Amino acid sequence: MRSISYHKDDVIVVDRVSKSFKLRHNRVESLKGRFVGVFKRRWRQKTESFHALEEVSLQVRRGDALALMGSNGSGKSTLLQIIAGILRPNAGRVLVQGRVAPLIELGVGFHPELTGEENIYLNASLYGFRNHEIRARLAKIVEFSELGHFIDTPVKNYSSGMYMRLGFSIAVHLEPEILLADEILAVGDAAFQEKCHVRVAEMQKDGMTLILVSHNLDQVSKYCTKFVRLDKGQVAETGTLENIVKAGRQKN
Amino acid sequence: MTDIVENSPNSTGAISSPSMLWRYRDLVRNLVAKEIKVRYMGAALGFIWSLVNPLVVTLMYLVIFTYVFPSTQPHYALFMVTGIVHWTLFNQVTNQSCEILVQNAGLLKKIYFPRLLVPLSSVLVNLTLWSAALAVYLVFFPMLGGHFSWVLLTYPFYLLLFFLFVWGVGMILATLYVDFRDIKHLVEVSLQVLFWATPIIYQLDRVPVRFRHVLLLSPLAEFTVVFQSIFYDNRAPSLTITIAFMTWTITVVSVGLWFFNKRVPELVERL
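Keeping their order, the protein sequence lines are chains A and B. Going by the numbering used here, the letters in the first sequence line up with residues 2 to 253, in that order. Going by the numbering used here, the letters in the second sequence line up with residues 594 to 864, in that order.
In short, the hints are calculated from the structure, not lab data. Errors might be hidden in some of the hints.
[Unchecked claim] List of simulated lysine-lysine pairs, DSS-like, C-alpha gap at most 27 Å:
#, chain 1, residue 1, chain 2, residue 2
1, B, Lys702, B, Lys627
2, A, Lys47, A, Lys23
3, A, Lys47, A, Lys33
4, B, Lys630, B, Lys855
5, B, Lys627, A, Lys23
6, A, Lys206, A, Lys223
7, B, Lys630, B, Lys703
8, B, Lys777, A, Lys141
9, B, Lys777, A, Lys157
10, A, Lys233, B, Lys777
11, A, Lys157, A, Lys196
12, A, Lys227, A, Lys9
13, A, Lys157, B, Lys855
14, B, Lys777, A, Lys23
15, B, Lys630, A, Lys227
16, A, Lys206, A, Lys9
17, B, Lys630, A, Lys47
18, A, Lys196, A, Lys206
19, A, Lys23, B, Lys630
20, A, Lys33, B, Lys630
Being a predicted model, the structure only gives us computed values, none of them experimental.
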């Protein structure tokens with residue numbers, strides 16, 4: 002088997018990673034169900050393996066902006082979750098160097114009853130931040146989110162746009178070395194989206210590595226220089242961005 | 594230079610090294626503060642409600658064993674309250690532990706943080722609320738006939754053991770619950786039985802000798818006797834029971850940590 006060669010500037014190495022899920026049909030969670038299942042076939046739990054990723058390898062250099070592309074169910078989000086350390090691969094390994102901020106969902110851990118400010122502390126500490134570090138960034142986060150005095154209102158009273166803006170604002174102020182984003186860079190109205198773009202570009206200039214999961218070509222071409230296209234859990238295509246834009250145009 | 598984190602089928606590095614846990618200490622603080630705030634939000638009496646349950650239980654038994662079946666034991670109230678106060682902590686943690694992973698699915702599936710912090714913050718929430726009950730207990734302690742003596746200095750040590758034991762039980766239950774939802778109901782029933790199988794409202798001496806040794810194998814009986822010895826008998830717990838209790842605690846915490854860490858990466862997929 003081909004062994005992967007490491008480069009000193011690699012911040013993410015995905016080395017022949019495979020991931021399968023057990024799909025449970027007729028899931029049996031109770032002891033009674035399991036017991037009856039011994040005698041009755043209809044009660045038995047059927048499991049089936051689903052291969053989400055098969056021997057996927059890729060390397061990302063410091064400062065790269067990589068787009069993970071592919072149709073629904075091609076395994077992009079699973080790969081992102083494995084890089085983020087949320088899921089564990091069945092085979093292969095992932096090496097990550099640097100502080101990772103996975104943005105799989107905006108506002109993870111937000112509690113509807115708590116105020117925007119309280120949720121900033123909660124959310125940021127999920128990324129491993131200390132409260133004093135958050136306090137130092139608080140003003141900037143609030144300003145960027147454009148929430149103004151709504152910041153001390155419970156989040157349950159926010160509109161979805163306000164909620165997303167706050168979540169995004171926290172994420173981009175945590176100064177991650179690696180940002181893993183799952184289709185969430187399109188937040189809010191056009192003006193706010195532009196602001197997000199400027200902010201992310203700024204972070205990229207400062208050396209941030211970006212992995213963006215998307216099947217939106219416009220978005221991808223805005224942020225990324227390279228791409229990996231997954232198909233049925235395997236790497237189908239890799240290249241630089243010009244190719245993908247061309248390929249996309251041909252498709253259309 | 595930052596550390597390289599590996600994620601592979603056998604990697605354990607990312608799970609929970611002590612330094613990693615320490616880095617996330619403010620997360621624990623924020624989770625505990627959130628839980629306490631949210632739990633009693635909107636209730637006029639707030640967290641005072643956490644005191645109501647042990648208080649009502651205590652008064653109920655006190656009435657029964659003063660008027661219905663009068664106890665001949667001196668300072669019976671002190672004896673009983675000592676057991677009930679400590680039982681309350683065990684009772685609350687075991688009751689709530691089952692569902693903590695399922696309740697926190699939203700966090701666990703969206704971001705990586707040391708998973709161990711979920712059962713830890715849950716048990717700390719209970720400990721924080723319980724410390725109010727303990728404070729009330731200590732205020733009433735001299736009035737119920739208790740003496741402040743050097744023996745009380747051994748209490749923090751046993752309390753720590755007790756806390757670790759409860760945490761271990763919580764981790765085991767939380768892990769099992771994801772696959773066996775019956776556990777929650779089983780726990781509810783078992784707690785009823787365990788309460789009466791533990792010498793909380795009766796003295797161990799009242800149990801026939803041949804059952805006494807069986808009863809004392811239970812960790813719950815052991816810590817109840819330990820705390821009664823400290824607060825009621827005003828005597829340091831015996832070496833035998835200390836060793837027995839320590840053995841239980843070390844076993845349960847090790848099994849809990851091992852089991853939780855081993856199962857949790859896979860459980861996250863199924864939440």
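These are the hints, each one checked on the structure:
1. B:Lys702 - B:Lys627: Between Lys702 of chain B and Lys627 of chain B the Cα gap is close to 19 Å, so the pair holds against 27 Å.
2. A:Lys47 - A:Lys23: OK: Lys47 of chain A and Lys23 of chain A at ~10 Å, within 27 Å.
3. A:Lys47 - A:Lys33: Holds, at about 16 Å.
4. B:Lys630 - B:Lys855: Answer violated: Lys630 of chain B to Lys855 of chain B is near 32 Å, above 27 Å.
5. B:Lys627 - A:Lys23: Answer violated: Lys627 of chain B to Lys23 of chain A is near 34 Å, above 27 Å.
6. A:Lys206 - A:Lys223: Given pair Lys206 of chain A, Lys223 of chain A holds - Cα atoms ~14 Å apart, limit 27 Å.
7. B:Lys630 - B:Lys703: holds, 23 Å
8. B:Lys777 - A:Lys141: At roughly 45 Å apart (the allowed maximum being 27 Å), Lys141 of chain A and Lys777 of chain B break the hint.
9. B:Lys777 - A:Lys157: violated, 30 Å
10. A:Lys233 - B:Lys777: violated, 39 Å
11. A:Lys157 - A:Lys196: At roughly 25 Å apart (the allowed maximum being 27 Å), Lys196 of chain A and Lys157 of chain A satisfy the hint.
12. A:Lys227 - A:Lys9: The given pair, whose Cα atoms are some 19 Å apart, holds under the 27 Å limit.
13. A:Lys157 - B:Lys855: Cα-Cα ~36 Å, so violated.
14. B:Lys777 - A:Lys23: holds, 25 Å
15. B:Lys630 - A:Lys227: Answer violated: Lys630 of chain B to Lys227 of chain A is near 46 Å, above 27 Å.
16. A:Lys206 - A:Lys9: The given pair, whose Cα atoms are some 20 Å apart, holds under the 27 Å limit.
17. B:Lys630 - A:Lys47: Roughly 43 Å between the alpha carbons, so the hint for Lys630 of chain B and Lys47 of chain A is violated.
18. A:Lys196 - A:Lys206: holds, 15 Å
19. A:Lys23 - B:Lys630: violated, 38 Å
20. A:Lys33 - B:Lys630: violated, 38 Å
Checked against the numbered hints above, the structure violates hints 4, 5, 8, 9, 10, 13, 15, 17, 19, 20; every other hint is satisfied.
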